[in-house]
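Peer 1: Chain by chain, the residues run as shown.
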Amino acid sequence: MRRFTSLKVIREDKIDFVEIDYSPMNVLDEVLASDLWNYVESAQQDDDLMVIVFKSANPDFFISYHHPRYFLKQKSPESQTMLDNMHKVITTLLTWDKVTIGQIRGRSTGGGSEFIMALDMRFAAMGKTFIRHAEVSLGFIPCKGGTQLLPNLVGKGCALEMILNGKFLNSDQLERYRYINAALAEPILNNHVRKLALRIASFSKDAVRGAKKLVNQNTAFDLEAFRREQEVFNTLVETPEAHRRFRLFIDFVENYGDLTIDEPNWNEE
Amino acid sequence: MRRFTSLKVIREDKIDFVEIDYSPMNVLDEVLASDLWNYVESAQQDDDLMVIVFKSANPDFFISYHHPRYFLKQKSPESQTMLDNMHKVITTLLTWDKVTIGQIRGRSTGGGSEFIMALDMRFAAMGKTFIRHAEVSLGFIPCKGGTQLLPNLVGKGCALEMILNGKFLNSDQLERYRYINAALAEPILNNHVRKLALRIASFSKDAVRGAKKLVNQNTAFDLEAFRREQEVFNTLVETPEAHRRFRLFIDFVENYGDLTIDEPNWNEE
Amino acid sequence: MRRFTSLKVIREDKIDFVEIDYSPMNVLDEVLASDLWNYVESAQQDDDLMVIVFKSANPDFFISYHHPRYFLKQKSPESQTMLDNMHKVITTLLTWDKVTIGQIRGRSTGGGSEFIMALDMRFAAMGKTFIRHAEVSLGFIPCKGGTQLLPNLVGKGCALEMILNGKFLNSDQLERYRYINAALAEPILNNHVRKLALRIASFSKDAVRGAKKLVNQNTAFDLEAFRREQEVFNTLVETPEAHRRFRLFIDFVENYGDLTIDEPNWNEE
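Line order of the protein sequences matches chains A, B and C. Take 1476 as the starting number for the first sequence in our numbering and just add one per residue. Take 1476 as the starting number for the second sequence in our numbering and just add one per residue. Take 1476 as the starting number for the third sequence in our numbering and just add one per residue.
Treat the hints as calculated values from the structure; they're not laboratory data. Hints are not guaranteed to be accurate.
For identical chains, the list gives no copy identity; a pair is met inside one copy or between any two copies.
Claimed, not checked - Each computed DMTMM-like pair below joins lysine to aspartate or glutamate, with the alpha-carbon atoms no more than 20 Å apart:
#1 1530 with 1516
#2 1483 with 1523
#3 1573 with 1522
#4 1573 with 1661
#5 1563 with 1716
#6 1603 with 1516
#7 1550 with 1572
#8 1688 with 1706
#9 1680 with 1487
Make a model of the complete structure from these sequences and hints.
Peer 2: Pasting the structure below:
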């Protein structure tokens, strides 16, 4: 087992089982972003590795959110590095020839969802998986490809609903929108993902890689659209309205915890 | 409240609730097309306006259809103006940065469906929403972007079924095909849409607009495909076979009303 | 009725009902591929023909698979001709202006699925339809457009699951993934497809063809992606690992029949 501060990686033959284990709630901060990139970068150079399963050690969160304190000081080197790391993680996942499977359970918000969407397949715990894009409620927009990944995955209508409403969708809705491949009852989920990973890893490496490379090319991520998203994000993240909302969110989370209620009262002044 | 001949517009803060109210059955004719464009054009210049909800005052129809009498005399200035107005409405809805939500109930046909598809999100009354594309049964083809909007929304296979079969799909099918975001029980529908509109309007205007602009760009409407559709339409709408079918439909609607049966017997000579 | 070795074609007015009838299990071999292309080529020149329904005479198979013995000797003229014929069938179906409907029941694998995806609409026997892509388990990749057709139809996530897992999906899953238009109970299926075919054939030929041509253009098949797939396929199909798997599969099918168990034990050496 390899141990990163926020990740545990267990290797079985050609498969890595990567467990996000970062108390108290798998917040996407500089530590998790850096661990994810360090892991992905090393995995990329590992020619024997065929399949990676991402799951969470915390039953209540997959990746909870990209912490707003980093957006408050977006121009700091620390925040820039964090965003750069996540961009490298996501563009690598979308273009390489490893197979990635998400075993999803609990809540994920914003950057957590963008990470999930960059995986190849998504299987989720039925009744226990909740995903939202809260960026617009916080005064900015998705900044890791979300305005492109979400319409590709669920179509324009459902993407705009997720981005503009910003409320959690449950596993029934995520399955109906085809955000996830399937919602599976918890006792089945782990076994289903494990068997799928073992099965794919038992196939010819060249065949698996050839198929992945072609499907990647036929569903290509548009880097120009990604760049446009960054520009809009860079402007919005510095506005006083966004900063007011970041502070409301930070206070809310610090005072009440993320487990009780979804979001602060945005209209407090 | 602003009153157009066929529309009632109620403003609440940053939201317009636009009710299509055009007896007896919200037919898409020169009056409704002109009102829709006049409304959309004024909304476009209204910088305070963030969200528009479109609904119908008539429980049996959203927008029933583009009246065939206009296709019978397609080259008349009146018919040209009507089609131009609808093109301006639809291309504006697909490219601007206002948020539009359809609260759909009752029947919609052809141009009614093309209008609905140009909205950002679609929520429909469960068991009481019916949508069809009847153009091919009338001897022509969709002429306001339908041959492009429908495959974008529901995929090639379901689009060809809707365009070629031309029968009403119910809310279960529309939800399964992802034509609508969700079918909701009637007592919930109005409240759901209202709360969603209020919520989006409470967010940062710049964030909402930035997100919409990017998602529009990433799901762009192809004007060249739109032009190709117009060319094919212009030829078909002048054929004797189309005119025979327009007359059958007009007689049918005048004699039996649209509430009783779906369509005339096309094979009467 | 026209009789090909593996097909029965019954003409009713402007509709062809093409029954795949090739004992014992509708294997895609040189005979079936050649018959399909001969039929499609003649249909293409038949100006009266508007709609084609493809179904199977065998309740257990639609098109079972592209027989691995052809992949074992891929460079032989016989294998090349067979693949060429299927490419011509599939690219014709994707670009012409005839309407094609699949009435699907039983198992289909690989090339069978690629043929099904090239049809315009797919209606399947509920509980009795099973589709898989077994190419990767056999050491190669889809070779008739599958790495493009599948993501177009079901999205990247579901396409990768189908291509990499290679297990049969049932009619519930196929409907949820929007691979098929609908799963219908058996007593309804035949009638549903027949009525749809008769209805479309009763419409104006020019309108039907105009609609199909435009939807084809707006969902265009990318020939460059097709060429890339061929290149990867050509390399993989000659590898010893693929040949080992072809032989395992051939032995398995010869010894146990395809009706009993899905696949050989791939890890026998």
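Peer 1: Work down the list of hints and note, for each, if the structure agrees.
Peer 2: Verification of the hints:
no. : hint           : verdict
1   : 1530 with 1516 : within (18 Å within a copy, 49 Å between copies)
2   : 1483 with 1523 : within (19 Å within a copy, 50 Å between copies)
3   : 1573 with 1522 : within (9 Å within a copy, 47 Å between copies)
4   : 1573 with 1661 : neither (26 Å within a copy, 41 Å between copies)
5   : 1563 with 1716 : neither (29 Å within a copy, 34 Å between copies)
6   : 1603 with 1516 : neither (31 Å within a copy, 45 Å between copies)
7   : 1550 with 1572 : neither (33 Å within a copy, 28 Å between copies)
8   : 1688 with 1706 : between (29 Å within a copy, 12 Å between copies)
9   : 1680 with 1487 : within (16 Å within a copy, 49 Å between copies)
When held up to the earlier numbered hints, the structure conflicts with 4, 5, 6 and 7 and fits the remainder.
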